[in-house]
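Chemist: These protein sequence lines are chains A and B, in that order. Under our numbering, the very last position in the first sequence is 112; numbers go up by exactly one each time. Under our numbering, the very last position in the second sequence is 118; numbers go up by exactly one each time.
Be careful, since some hints might not be right.
[Claimed, not checked] Chain B is faced by these chain A residues, among others (derived, beta-carbon under 8 Å): (1) Gln43; (2) Tyr47; (3) His50; (4) Arg59; (5) Ile101.
Calculated from the structure, these hints are not laboratory results. None of these values were measured; they are calculated from a predicted model. All residues carry an ideal CB built from backbone N, CA and C; glycine is no exception.
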Amino acid sequence: DAKTTQPNSMESNEEEPVHLPCNHSTISGTDYIHWYRQLPSQGPEYVIHGLTSNVNNRMASLAIAEDRKSSTLILHRATLRDAAVYYCILRDGGSQGNLIFGKGTKLSVKP
Amino acid sequence: SQTIHQWPATLVQPVGSPLSLECTVEGTSNPNLYWYRQAAGRGLQLLFYSVGIGQISSEVPQNLSASRPQDRQFILSSKKLLLSDSGFYLCAWSVRPPWDNSPLHFGNGTRLTVT
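Build out the structure end to end from the sequences listed, making use of the hints.
Modeler: Structure follows, in structure tokens:
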């Protein structure tokens, strides 16, 4: 699986938008971009995924660069419950299921 | 809505003892089921997956085994634990098979410490 690069940490104020960047310059044409988040001592929680087009769901939006070498997870209004480590992961369309998590971005949300 | 239950939350076992971790999914039928292990500060390693009752695929050779006796039940076992088996074990399910890039939904994990 290709590698992703994310900032170690970010801070946000409650109710403000948050843009979490991810670089994946070695992405292949069949790699999907997945985002998960994880709280301490809990399992990862699926957030969103996409291939080429921008994606929206009830949790977040995913903006994918035209060359697909980077993407941004957008939380439209951060809440205290959004404080977690966010992982950007590339999954090959034909892979069995190994999830190679990098170090992720630890998001802190201030009230 | 679908929920996944995994227990126990924490477990301390001596070397050489057996292991049984159980996972059940509610609110869906024919789920694809997975066992992962997460080492501290590292990614998730897929151990086993199952696309149906009695169907188990092993990804990593080790002293662990998995079984799926019922549609929504997945069990991780070992006859004799090793120190290296310590870790955070996660059960997950998905709607579609693993090669279909389906999102994974995880349980809250079991923290296993082998002493």
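Chemist: Under the constraints set out in the numbered hints, which ones does this structure not fulfil?
Modeler: The structure conflicts with hint 4 only, although it agrees with all the remaining ones.
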